[in-house]
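A.B. asks: Chain by chain, the residues run as shown.
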Amino acid sequence: MALEGLYKKIEAPFPLSEVLLSKADDEQLKLIAAESGTGLSLDEMKMLVAYFKDLGRDPTEVELQAIGQAWSEHCCYKSSKQILREFVFGIDSPRVIDRGDAGVMHFDTENVYSLRIESHNHPSAVEPYGGAATGIGGIVRDVLCMGCQPVALIDPLFFGRLDTPNAELPKGTKHPTYLFGGVVSGIRDYGNRIGVPTISGSVVFDDSYTGNCLVNVGCIGIARKEHLYKNRVGGIGDNLVLVGGRTGRDGIHGVTFASAVLTGESETESRGAVQLGDPITKEPVIHSVLEVGRRKLITGMKDLGGGGLSCVCGELAFAAGFGVEVQLDRVPLKEDGLLPWEIWVSESQERMMLAVTDENLEEVLHIFKFNDVEANVVGRVIPEPLARVFFKGIKVLEMDLKFLTGGPEYCRPREIRKPEYGTPEKAPARDVSHTDALLELLASENICSRDWVIHQYDHEVRGCTVLKPLQGALGHACHGDASVLKPVEESWQGLAVCTATNPWVMAIDPYRGGKAVIDEMCRNLVAVGARPDAFSNCLNFGNPEKPERLGEFHEAVRGMGEAAAKLDIPTPSGNVSFYNESETGSVMPTAVVLGTGIIPDVRKSITTDLKSDGVIYLVGRTGPEMGGSAYHRLTGASSPKVPDTDLEVLRDAMKALLIAMDEGLVSSCHDISDGGLAVAIAEMCIGGRKGAELDLESLGPLPEEAALFSESCSRWLVEVPRDSAERFEAILGPAATLIGAALGDELLITRGEEILVSASLTELENAWRGTLWRLMGGSE
Amino acid sequence: MKLEDIKVCILRIEGTNCETESYQAFERLGAKPEMVHLKQLTGQDVRESEKRSITDYQILMIPGGFSSGDYVRAGAIFAARMKTKLAAPMEEFIREGRAVLGVCNGFQVLVEMGFLPGIDGIMSPVPQAVLSTNDSSRFECRPTLLKYENNYNCIFTQKIKSGQVLLIPSAHAEGKLLFPHDRAEQIYRQLEDNDQIVFRYVDPNGEYAGYPWNPNGSPHNIAGICNPSGNVMGMMPHPERVFHRYTHPDWTRGFGSEIGDGRAIFESVLDHISKKF
Amino acid sequence: MFVADIRIKLKKGVADPEGKNTAKALELLGFSEVAEVKTSKFFSIHLDTHDEAAAKAQVEKICLALLANPVINDYSYDIKKVA
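Residue numbers (my numbering), protein chains in the order written: chain B, 903 to 1682; chain X, 10 to 286; chain S, 8 to 90.
Hints in this document: simulated from the structure, not taken from any laboratory.
Straight-line Cα separation of at most 30 Å, BS3-like style, residue types lysine-lysine; simulated pairs:
1) X/41 to X/16
2) X/285 to X/60
3) X/16 to B/1271
4) X/94 to S/16
5) B/1236 to S/87
6) B/1127 to B/1506
7) B/1073 to S/31
8) S/68 to B/1271
9) B/1271 to X/94
10) B/1271 to X/60
11) S/48 to S/68
Only chain B is shown next, with the shape it has when bound in the complex:
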């Protein structure tokens, strides 16, 4: 064997080896990296060799594993950091209070809110139920460890087409219906049980996700300012108290698994990397952590996520400029016989680390015992910036925290392609009437009703959900643009929450796609009456070692950063997920944002459903920008011309619309996105149980399909009571075009004399409602 003699046994009452990197050649270094499961590259192994050469010794296997975790893409963002720094980290605002495991934003004089979204893609592709559930667990801890009460969950999901024939599935890939069903059940059973409402999300179906589904999970928290905590210890001598679930072999190498491409063997090889969740440990953990936080019994805290104890101990202590000494014997285990390196890097769920002074220790331990949650002192803060780890009296790791937590950073080669090189101009492959196209779009997987999912999630627990994901007449409610929470008992101020993504546009033109995502987020928030305040992003891309993939990432981030900077919307937290590739290729570049907005008074929130017999305005300009549109996908056409955002036009339109809304001039509002104007008005009709007549003559000389189905950015449909029309026009100016009125029980869209679309309310609703029930089963 090629590695013989490179592992030297150390005298200890348990198996422990020294890894003789100093004696290994390049091939052997690569083999060690592979065999240990750390996934380190040869260059990174060489950095290790140099580091230990200076120390005059070789690493223990615990040290090797710790580095493998800390330096994974998932933990240290080595491929993305430089690009993110260039385009988004700089967008600052006095409203940003902290950028920790979750971003923290100003809410009002007494309160803050926190937000974060991250991916849980690879575990969910292998075991959808457990993968999604633990994704929820992880994101909730990110918010919790800032000292915030989790108040909302948000879940954008991406799968292959539900009608994919089994024969077309790559080897080892599970069918999209199985993955979709499992992921929704996982989110439902975990989110509902911990009592945090799932208020927003999205589901996208496309062939590019068949081999690698994407499961993004977001969470919002709220706290009084004085109850906020930093993800760092308070001072030397603080006890490190590990609370929550026990440590086991589940979740070993989760982060290295997340930082590799999925293969046909991923399932059998990676089961160990999928953790199992336990919501009924989590609920009392939330309770106890918030109580010790509110009573100021801790100095700081952090959740155990990727990298387990190894990352959390190092980062908690190092962030305060100190070090840490840990006794692994004191970590309660799920099963006997775990090796020290396994305890050190395990990613078992439901665990948090608190820093507690000697003085408060007894009270903290009592509170956890009272709530039946295990809590154990496992270490102590030391003055030297080192991690020192013992197991059964033997030192198994001693490393400089700067080296361990620093991690490498790469400026990898990237190739930025112009969209016209990749996407040909192609006319529709089939001829379909506009009415049929509208009905087919409404019934399509990506536009149809999500009620099959939404009713399985408790979206009102905590009693604060003012606008729900489904809005409109009882029994006919349709999709809203954003949900609204009233998170503080004493105040009417609301927090609007939405998601936005458009992978089809981003696949054609990542830069414009990046801008379009921010545009969509702003549209969604403004549609309910909220001022966009912040966003968290989850960037799901392919293998960054391929220049073309990293080029997509670069351009997408550039577009998002440019838009967010111009609109003054900071991004206090985010997550990058690379290596979303399988044997059938990469996923479409998928930037997902979780947007938040502030509504000064929730009683002024606006929903999408038509209310009365108001007049209808189109806000924004429509162009023949059909690239990446739902209409093109439906008809088999393609074009490199994707919607572009004029950021000044967007900013002015948002401002004017919000003024009109504040004055009470708007009775309903819907952003125009997938399926264009025709789908937007159809949804408003369905939710409002009301027809509409629109004349698109005033949109100018556009092709008919562009007038109806273009997905040009920065547009809304707005219903205004007739007696408010004059004032509305005065505020909006030329940005608003009067195109019709709400009336009758039919949707009629004309251009001058010519009828483009004519369909009854029942036809629209029937087309829109049944698709997911039919594909997923269950009685409607």
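Add chains X and S to chain B, keeping to what the hints say.
C.D. replies: Below, chains X and S without anything else, positioned relative to chain B:
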């Protein structure tokens, strides 16, 4: 007694998760709610200062959630833990005419403990009913409409007009109220005779209807019942979620009053207790 | 030490939505032979006692105290001695 002297025990164990909004419902009306962990009543793992007695309170509410994960059966573990330690004091509490409210998971707990329907005395030694898996076999979070059908036996609904339809949302996976198969109709008639049926699911026209307006398939559309003396009530839908009009699902479509449909339940019981004690 | 394998079934005549919906899902997945699906719960409980009669009495109590609701459930069990 004065409203501000009425003490409400909001009882929780691990997995209870509607305690905050339940607490707020009572607090907003001026009463004194307190969140109490079951261990504070049983005396386990608690300090002297944390111990509580059920007789400290006039109202006991068991809120919604997933107590102990709803493992085994919804509410069963919470009920079994209470039964071993608190059966006698609970019986006394109810005999004295104090109020017990169980919402959603709390309803399931009261049924599993034998306090509801309570036709053979205050507490039956074995459960006489069960809240069984929804017909859809799914968790159902959706708006539900409840018709008030009690003839003022129930102390939680005195401020609701006879025949009034309230919008009170549901969110549960096990809400189908079943009685022993061989005696189901007989028990049902007893409930009617005793004026124990409080709410039934109806559609927007006020008619008894099937799924989704009856979200779980409960026979006779029963959504909530009380015991024969009217001071123990259990219901699947969540009144605490619609205390204000602004958490109704369709409030943006216009409304008459800012008061939410769930508020009357909390007002009624506080009013009753303040007069009685 | 004894192990009790306890099965909690739905009584005859009680609807089994989980079974019904599983059957429907299997049909959707192409298992056309599936005629009926019934669900039950299975608990395996280790009892630290040396007396089989005592173990049996314990299991009866456990079933009545928590595992079964007599309104809808029947229960049955096997008790085996283990080392």
